[in-house]
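Go ahead and model the full structure; you've got the sequences and the hints to work with.
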Amino acid sequence: MKAKGSILVVDDEEIVRDSLARWLEEDGYQVDTAPDGQAALAKLAAQAYAILLVDLKMPGIDGLQVLAQARTLQPDAAIIIMTAYATVDTAVQAMKQGAYDYLVKPFEPEELSLMVGKLTNTQALRRENVLLRKALKRQCEFKDLVSKSPKMEAVFELARTAAKSNSTVLILGGSGTGKELLARAIHAESLRREGPFVGVSCAALTESLLESELFGHEKGAFTGAVGSARGKFEIAAGGTLFLDEIGDISPKLQLDLLRVLDAREFRRVGGSQVIKTDARIIAATNRDLKKLVDSGSFREDLYYRLNVIPVTLPPLRERKEDIPLLAEHFLAQFRTEMRKPLESLSGEALEMLMAYDWPGNVRELRNVLERGAVLARGPILTPLGLELGPPTLPPGAPTDTPDSLREVERRHIEVTLKQHNWNITRAAKALGIDRVTLYNKIKRYQIREDE
Amino acid sequence: MAGEGTILLEWMGEAPMEGDLLERVRQQVETTFAIPTRVAAVNGSPADSLDPRRGQHSSTRILRWILTTLPPGVAKVLGITDVDLCIPVLTFVFGEAQVDGPAAVVSTARLRLTYDGRPASARLVEARLLKECLHELGHTFGLVHCPDVTCVMSRSNSVLDVDQKRAGFCRDCRQRLRALTEERDDP
Ligand SMILES: Nc1ncnc2c1ncn2[C@@H]1O[C@H](COP(=O)(O)OP(=O)(O)O)[C@@H](O)[C@H]1O
Ligand SMILES: [Mg+2]
Ligand SMILES: [Zn+2]
Ligand SMILES: [Zn+2]
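Protein chains in written order, with my numbering: chain A, 1 to 451; chain B, 1 to 187.
Calculated from the structure, these hints are not laboratory results. As the structure is a prediction and not an experimental result, all values here were calculated from the model. Watch out, some of these pointers could steer you wrong.
Said to hold, decoys possible - Here are some chain B residues pointing at chain A (derived, C-beta under 8 Å):
| hint | residue |
| --- | --- |
| 1 | Cys86 |
| 2 | Ile87 |
| 3 | Val89 |
| 4 | Leu90 |
| 5 | Val99 |
Said to hold, decoys possible - Take a look, some chain A residues computed to stay more than 12 Å from chain B by CB distance:
| hint | residue |
| --- | --- |
| 6 | Leu119 |
| 7 | Leu145 |
| 8 | Leu172 |
| 9 | Glu234 |
| 10 | Val274 |
| 11 | Ser295 |
| 12 | Tyr303 |
| 13 | Tyr304 |
| 14 | Leu375 |
| 15 | Trp422 |
| 16 | Asn423 |
| 17 | Ile433 |
| 18 | Lys441 |
Claimed, not checked - Looking from chain A toward chain B, a few residues come up when the C-beta cut is under 7 Å (computed):
| hint | residue |
| --- | --- |
| 19 | Glu26 |
| 20 | Gly28 |
| 21 | Lys105 |
| 22 | Pro109 |
Note that CB positions come from ideal geometry on N, CA and C, so glycine has one too.
If you want it as structure tokens, here you go:
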């Protein structure tokens, strides 16, 4: 049988709750009851209801207050206020505050049947429309990436083909469009999936740090290099090396990289032994690499080396049909992570997300929803908890530098630690800070010894 | 369905029990559900069911009372009364049942009148009573309201609705009823 939506009956009289619940159960509804406003709000925070039948006069939190809270907790639920004759004025006021309708006690069974029936029909219709739309616009997937846009389907198709080869892949697309996720997916789909996936962000490091990060170094290669260390090219043996933000590397490293890609071999910094590499290269950038080539800041020969299989991820604003799907996808993740009964977005909230243009793409969407999920007091996310656009800062306040500075610091500490084989005293000395400070930073940034 | 116990039709009206009427209803109930069914007049009545302001009885309180006086060996009890029933928020109800529970109650009060308030013929009353008995017992076996207005499980809000339906289950409800009772037979 088709499952009907559930109904919450809120009334302080036990016999009313009991009889009304039974009456509605005979109609096949799932019925839940609450003896007062307080209990009702707790239920509203824990589970979604299609219809609320709320008594107007209750001690403590009354029907109007429940109504007001319910409008924000579960904006898609229809609220029917039950009232005695004497309080019809208040019921009219309730209508103005967003109640669906009111019933004056005692009401005709016919009246209740019609009202509840009509409501569930329109709600079922709305739900079916959503499901229908979903079925018509079929969804595509590639590992952890989901989408229902034809553009993305083409991307996934290309990525699947690329995964089967060993060719270098160049992923282009704005920040937060899913470049790294796609790189991981290609790796996971490839024959190298048992091998390591090793990522390097080329933008976050200084030239010399990046160099030793990529190629490793020998003992004494530079001040403080007390031991030798393998670089990412070595670690990625048999697997995939993901060079993120490739558009940001210095001319010297561009040349080094070109050589490695050509000869498939390299030397550690300060070393003389030639090391072979078989790592599969996936590079990504949010910059317009072709433009960088034209302006001379990116080597044309390296560009052609990397541009073997170019894959471009479209910005989120060019595939808005993905917004509801991604929102659902992320809510499901947060539901498990946060152990909160998150169910969906209100209609209004979804409209708001659809209208926005998402300069930060999928990452921004995820962040907005994560914040919303943390703040959510009920199963439905409403526009109230969703803040779009850059956080409003007082005039003159620094913009987004704190984040990137922190990121640079984290990576710098991580690399320094590695260069000193995690000898905290030496690393602290090299960093010019004391050991306690370094310990604190390691804890704060959650830096761990192995990758 | 042997181990199911019996269905008890319990007369709890203020007027004396109409034996012939109830016997005919009993036979139909027994054939429909294929469960031994008997009729008995009840001893006593719930003290707290009358709402003096409304002059009606609370079906919910009667139901509770039936539950406290459940005789052994009986699977389902359907109380049949001649007082007008209501629940606090509704002007009246024809009956009330526990979905998938042991007890139900039905009233003949409104079934005895035509839509405009004149006495209905004995044949019409009997037909209506049988339908409402099958309906409420259907609930106790786990059935909910049926959208088919000719099915006995459709909700009736007036005697016109009752007259519109047949004294039997539609195909869907019959199937569902079979599934529900089999579920119970072999757990
Ligand atoms: N198509 C998608 N399906 C599911 N999650 C996605 C998708 N695209 C991006 N994400 C998520 O969005 C966030 C940003 O993705 P990321 O790959 O780091 O972007 P980029 O590397 O392009 O900046 C990550 O949390 C990622 O899991
Ligand atoms: Mg990235
Ligand atoms: Zn019914
Ligand atoms: Zn039916």
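Comparing the hints with the structure gives:
For cysteine 86(B), the shortest C-beta to C-beta distance to chain A is roughly 7 Å, which falls under 8 Å, so the interface hint holds. Because the beta carbon of isoleucine 87(B) sits about 4 Å from the nearest beta carbon in chain A, less than 8 Å, this interface hint is met. Because the smallest distance between the Cβ of valine 89(B) and any Cβ of chain A comes to about 5 Å, under 8 Å, the interface hint for this residue holds. With a least beta-carbon distance of about 5 Å to chain A, the hint placing leucine 90(B) at the interface is held under the 8 Å criterion.
Because the closest C-beta pair between valine 99(B) and chain A is about 5 Å apart, less than 8 Å, the hint holds. Distance check on leucine 119(A): its Cβ is at least 15 Å (rounded) from any Cβ of chain B, clearing the 12 Å threshold; non-interface status holds. Every CB of chain B is more than 12 Å from the CB of leucine 145(A) (nearest about 42 Å), matching its label as outside the interface. For leucine 172(A), the requirement that its beta carbon stay farther than 12 Å from each beta carbon of chain B is met, with the minimum near 55 Å.
Annotated as non-interface, glutamate 234(A) keeps its C-beta farther than 12 Å from every C-beta of chain B; the closest such distance is 63 Å. No Cβ of chain B comes within 12 Å of the Cβ of valine 274(A); the nearest lies about 74 Å off, and the non-interface call holds. Under the 12 Å C-beta cut-off, the non-interface status given to serine 295(A) relative to chain B holds; the minimum distance is some 70 Å. With a least CB separation of 66 Å from chain B, tyrosine 303(A) remains clear of the 12 Å interface cut-off, as annotated.
For tyrosine 304(A), the requirement that its beta carbon stay farther than 12 Å from each beta carbon of chain B is met, with the minimum near 68 Å. Listed as a non-interface residue, leucine 375(A) keeps its Cβ farther than 12 Å from every Cβ of chain B; the least gap is roughly 36 Å. Once the 12 Å rule is applied to beta carbons, tryptophan 422(A) is consistent with being away from chain B; the minimum gap is 62 Å. For asparagine 423(A), the non-interface assignment is confirmed: its Cβ lies about 67 Å from the closest Cβ of chain B, beyond the 12 Å cut-off.
No Cβ of chain B approaches the Cβ of isoleucine 433(A) within 12 Å, the least distance being about 70 Å, so the stated non-interface status holds. Once the 12 Å rule is applied to beta carbons, lysine 441(A) is consistent with being away from chain B; the minimum gap is 62 Å. With a cut of 7 Å, the hint placing glutamate 26(A) at the interface with chain B holds, because the nearest CB-to-CB distance is about 6 Å. A cut of 7 Å between beta carbons decides the hint on glycine 28(A): the least distance to chain B is about 3 Å, and the hint holds.
This hint holds: lysine 105(A) has a C-beta 5 Å from the nearest C-beta of chain B, less than the 7 Å allowed. Because the beta carbon of proline 109(A) sits about 5 Å from the nearest beta carbon in chain B, less than 7 Å, this interface hint is met.
Violated hints are absent here; each numbered hint is respected by the structure.
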